[in-house]
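A.B. asks: Build the full structure now, drawing on both the sequences and the hints.
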Amino acid sequence: MYINHLPAETWNHLKMNGSEIEVADKLSNAIFTVTRANNINCELGQIKGLNIDARDNNAMRIAAKNGVNVTGVGPDMDNLLSTNNISLNQYEINENSGDTLVLSFKLVDGANWASAFEITVKKGCKAKVIEEFESEENANAFLAVQTKFVLEEGASLEFIQLQRLGAGVTFVNDIGTMQAANSVVNLQEVILKTAKTYLGSRANLVGDASEFHAEVGYLVDNKDRLDMNFVAFQTGRKTDSTLNVKGILRDEAFKIFRGTIDFIKGCVASKGQELEDVLLLDDGVINQTIPLILCDEEDVEGDHGATIGQLDEEELFYLKSRGIKEEDIYEMLAKARLDSVVAKISDEEIKTKWLSFIK
Amino acid sequence: MKEKTYVEDIDRSLYDFRNEDKDAFRLEGGLSEEIVRQISKEKNDTDWMLDLRLKSLKIFNETPFPQWGPAIDGLNMDNIVTYVRPKDNKMTADWKDVPTEIKDTFEKLGIPQAERESLAGVGAQYDSELVYHNIKKEVAEAGVIYTDLESAIHGEYGDMIREHFMKLVPPTDHKFAALHGAVWSGGSFVYVPKGVKVEIPLQSYFRLNAPGAGQFEHTLIIVDEGADLHFIEGCSAPKYNVANLHAGCVELFVGKNAKLRYSTIENWSKNMYNLNTKRALVEDGGTIQWISGSFGSHVSYLYPTSVLQGDGARSEFTGVTFSGAGQDLDTGCKVIHNGPNTTSYVNTRSISKSGGGNTFRSSVNINPKAKNSKSSISCASLMLDSESRSDTIPAMDIRTKDADVGHEAKIGSISDETVFYLMSRGLSEEDARALIVSGFADNVSKELPLEYAIEMNNLIRLEMKGTIG
Amino acid sequence: MANKILEVKDVKARVEDNEILHGLNLTINEGETHVIMGPNGAGKSTLGNVLMGNPKYEKISGQIFFNGEDITEAGTDEIAKKGMFLSFQNPIEVPGITLSNFIRNAYQNRNGGRIRLWDFRKDLENSMKLLSMDPSYANRDLNVGFSGGEKKKAEILQLLMLKPNLAILDETDSGLDVDAVKTVSEGIKAYKEKVGGALIIITHSTRILESLDVDYTHILVDGKIVKSGDATLVDEINREGFEKYITK
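Protein chains in written order, with the working numbering: chain E, 1 to 359; chain B, 1 to 469; chain R, 1 to 248.
Heads up, some of the hints might be wrong.
List time: in silico DSBU-like cross-link candidates among lysine-lysine, alpha-carbon distance up to 30 Å [stated by the list, open to error]:
{"hint": "1", "chain 1": "E", "residue 1": "15", "chain 2": "B", "residue 2": "371"}
{"hint": "2", "chain 1": "B", "residue 1": "401", "chain 2": "E", "residue 2": "325"}
{"hint": "3", "chain 1": "E", "residue 1": "265", "chain 2": "B", "residue 2": "446"}
{"hint": "4", "chain 1": "B", "residue 1": "369", "chain 2": "E", "residue 2": "325"}
{"hint": "5", "chain 1": "B", "residue 1": "401", "chain 2": "E", "residue 2": "246"}
{"hint": "6", "chain 1": "R", "residue 1": "244", "chain 2": "R", "residue 2": "227"}
{"hint": "7", "chain 1": "B", "residue 1": "58", "chain 2": "E", "residue 2": "15"}
{"hint": "8", "chain 1": "E", "residue 1": "223", "chain 2": "B", "residue 2": "270"}
{"hint": "9", "chain 1": "B", "residue 1": "465", "chain 2": "R", "residue 2": "59"}
{"hint": "10", "chain 1": "B", "residue 1": "446", "chain 2": "B", "residue 2": "270"}
{"hint": "11", "chain 1": "E", "residue 1": "238", "chain 2": "B", "residue 2": "410"}
{"hint": "12", "chain 1": "E", "residue 1": "271", "chain 2": "R", "residue 2": "56"}
{"hint": "13", "chain 1": "B", "residue 1": "465", "chain 2": "R", "residue 2": "82"}
Here are a few chain B residues that sit away from chain R, every Cβ distance over 10 Å (derived from the structure) [as the list claims (entries may be wrong)]:
{"hint": "14", "residue": "28"}
{"hint": "15", "residue": "42"}
{"hint": "16", "residue": "50"}
{"hint": "17", "residue": "70"}
{"hint": "18", "residue": "326"}
Chain B residues, not near chain R, derived (Cβ > 10 Å throughout) [as the list claims (entries may be wrong)]:
{"hint": "19", "residue": "74"}
{"hint": "20", "residue": "197"}
{"hint": "21", "residue": "259"}
{"hint": "22", "residue": "371"}
Since the hints were made in silico from the structure, they are not lab data. Even for Gly, the Cβ is constructed at its ideal location relative to N, Cα and C.
C.D. replies: Structure below.
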């Protein structure tokens, strides 16, 4: 299937427009555990496929504008889940329910799994959703997970995803948010062991003054592959998006970061910001970055910044002057980057557990 | 409260006069082997050139149109006339011998005057053929060659040209490179020998007068070791109701420790499809500087490319694109770092107004052998209204850890506070906005020779006229 | 009888939905120096912006006369050309145009004719010297990267060069150190001596007033002038604050 399509295409020879991946013929419902879901009920539903060409950016925009919760990975994901009859797990977080939901996956060897979630946060409610993705050390497995959020007016969501997957795993991680006025999403994404990860996240900021903020920290090493597609689709007035991505590449890792701020005509007084900071530790790495700002509205402010490469000399000099070896400096800073993302996790239990995984 | 009115018609009369072309020799529209052979015959091509043309035609027919950029549906190759030779044309080095009508055209554009005042040499192309070429005596005496490409092929530099012609931009590169290879005509050849520093610029001016025609000039510049050159290219055309096509090709070879500055102020009329390919190959310690102002054309695909091949090679790209009503300009640049210690700087501004579309598109590749390379990219876009569009699509591909890449992009509009501040000092709103836009574009204007900077600011003023915010 | 240069009649104005001036009256004669004081949020800066015709501030009712001419509906540039000048509290940065080119441009816009480059340079040089501005600032982009103090000096430089007959100085002394206040005051004094124009000084503090002869002082509270007096009113405010003018 064709996924992670860039909302505006560029030269084909760069091979950055999107990714083609192979999927097993038959996927089954993934096994996962649900904890801390006090009073949050799950209803099973059916997934509808989407009749949209994965490369048709205009169709995606029209769908989102009409309230279809399209995602970062793209319509082929919906269709994959639908053809495999994967159940849709529907949760609702409201005034009477608990506000925290933890979903944990542990992949086993030979698994060909998929899961779909649709989580609604009712008007004015607060929610915290945590997803953990782990695997057996030597598992050869496939996992596709789609998490869609519907945020009603004034709702707010903390969404935390953490992953450490064995080298034999392929993981398609698909996120979509459909946001009403004054709703806020804070996404924290922690990737400690990448395997082959395709991460697509799309915020549909349709309501006025809706916000989406993401903080991403990753380490890609060995021959792992991280393929990302972040889209902030801003059509409401006074919407605000920020995307802050920090990462480390080592060995023969491959990473592509696609990040798009899509200002749609009428999104008056909206803002968007993307920041990427990549530390390259070895010569075998391939780092691709393509940050887009698309705009057909005058009254907006958008900016993007990227720093890619090694440490700046002054920083290096400063640390060396304190007696630290150059190699250690890089190790230390690599760790610090991940630490800084994990440290911001508000959930103590989860934070402690995952901090211990950072060597 | 904030009502905006637009006056669509801008006075472009300075560029928008046209001459009758009834007496010129034109080939039929469209593209076929017969037409290519006919052009080749007209040009008295060498055999290798005819082969290259035919091979290119084949590639053109086999290559699909690009899918990712602005629409080029309005361009029907069957209607484009690939070759128009001006009446009574004979390339001359004496201004007096240029046919009166053509002479008048270039007089109006200020070309001969500029030559007298500030240029080391001038070439002028009218439709498909060079009509004038001249170079200052002292520059010629230093061994600098500046002539039309076609006669040079038959002269003592024939082998050098064969060695370089369409080697940097092969016909296989893309569809319009193939088209260019098949039907190219006119253009300049410049050779600056080792160590020669040309103090004042050389200039070529391209004027496309014939309606429905294409201009396919080829510029080949070789700056040898330690030499230094500034080359200026200007383009314009009157407006017709049929599509015109410009698919030129520029190949620049910058030798060891040599320096070439290539400046362009492009003001094609707004029925022009400007699908131009420009590329520079830079050897050890050499520098290519691109200065690029894009104001005209209906659709542009323009991405000057720097291939930093040698150790310590360097490229600087400074560009501004101004897109108004009926324009969709897709501009930017590409840099390929192959050699170690290479450096690239990219600094661009784009301005969109009255429904114009602007795309900044770039790619920077740092390949595994380009150790200790640096790249810094900065692009800013200004939206003057909400009818317009501005997209920023920069790609980076880094394949060594010893790289230092910084990128920043910004988009925004003119703030009401700034306009009020300037108006409080007595500037009209129109002047205040024009001033802000000129200031925004000053990355380019301050790199241009004074008279071109003035021309550019006049163009901005012209474009800003009638935009009442 | 002195000639009225400015007459503000019962002006009400708002920003977005908030009415800030609730019927303000003020008369200023040629060459006079008026001080406007008032607590934060009273509408002091609004007054400057309204007089200068900032479109962000909507006039609801009332009239403004400048040199006897109704300028209530006039555009900002027209008002400037008629000889009014507003020194901004936060001068705006304008990249791409140098301070000297800008002043020349504004000067010619105001006075129609062209100024001889030589005369202009001389005048600019002298004025910059008076303000202890480094001459290199003339060739730097307007306000871009200037410190707070240099920005304020650049405003006074424009005042000296453009020679308006009414200048409104909006918190020109705020954020300046003692030396800078002194230099700026020198500049204002020079303006009074050379041009003889009227002044409206909007301020919190009195430091800037020390070397100037103040004719009138007005207390602005909640969008209205609640008290007018002579220079001694400044001292009273210094001692007692605005407390007693604030209606509860």
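A.B. asks: Now look at each hint and say whether the structure bears it out.
C.D. replies: Okay, the hints, checked on the actual structure:
1. About 23 Å separates the Cα atoms of residue 15(E) and residue 371(B), which keeps this hinted pair within 30 Å; it holds.
2. Restraint check for residue 401(B) and residue 325(E): the C-alpha separation of about 18 Å stays at or below 30 Å, so the hint holds.
3. The straight-line distance between the Cα atoms of residue 265(E) and residue 446(B) is roughly 34 Å, outside the 30 Å bound, and the hint therefore fails.
4. At roughly 26 Å between alpha-carbon atoms, residue 369(B) and residue 325(E) fall within 30 Å of each other, so this suggested pair holds.
5. The suggested pairing of residue 401(B) with residue 246(E) holds, with an alpha-carbon distance near 16 Å, which does not exceed 30 Å.
6. At roughly 11 Å between alpha-carbon atoms, residue 244(R) and residue 227(R) fall within 30 Å of each other, so this suggested pair holds.
7. Under the criterion of a C-alpha separation no larger than 30 Å, the hint pairing residue 58(B) with residue 15(E) is consistent with the structure, at around 26 Å.
8. For the proposed pair residue 223(E) and residue 270(B), the alpha carbon gap of about 50 Å is over 30 Å, so the pair is violated.
9. A distance of roughly 29 Å separates the Cα atoms of residue 465(B) and residue 59(R); the hinted pair therefore holds under the 30 Å criterion.
10. Taking the CA atoms of residue 446(B) and residue 270(B), the gap is about 26 Å. The hint holds against a cut of 30 Å.
11. For the hint linking residue 238(E) to residue 410(B), the alpha-carbon distance of about 18 Å falls within 30 Å, and the restraint holds.
12. A distance of roughly 21 Å separates the Cα atoms of residue 271(E) and residue 56(R); the hinted pair therefore holds under the 30 Å criterion.
13. With a CA separation close to 24 Å, the supplied pair residue 465(B) and residue 82(R) stays within the 30 Å bound.
14. No Cβ of chain R approaches the Cβ of residue 28(B) within 10 Å, the least distance being about 49 Å, so the stated non-interface status holds.
15. Distance check for residue 42(B) against chain R: the nearest CB is about 48 Å away, which clears 10 Å, and the non-interface claim stands.
16. Chain R leaves residue 50(B) outside its interface by the beta-carbon criterion, the shortest separation being 51 Å against a cut-off of 10 Å.
17. Even its closest Cβ contact with chain R, about 28 Å, leaves residue 70(B) beyond 10 Å, as expected for a residue assigned away from the interface.
18. No beta-carbon of chain R is positioned within 10 Å of the beta-carbon of residue 326(B); the least distance is around 27 Å.
19. Distance check on residue 74(B): its Cβ is at least 35 Å (rounded) from any Cβ of chain R, clearing the 10 Å threshold; non-interface status holds.
20. Every CB of chain R lies more than 10 Å from the CB of residue 197(B), the least distance being 28 Å, so the non-interface label holds.
21. Every CB of chain R is more than 10 Å from the CB of residue 259(B) (nearest about 26 Å), matching its label as outside the interface.
22. Taking the minimum C-beta to C-beta distance to chain R, about 35 Å, the non-interface status of residue 371(B) holds against the 10 Å cut.
Hints 3 and 8 from the list above are not met by this structure, while the remaining hints are.
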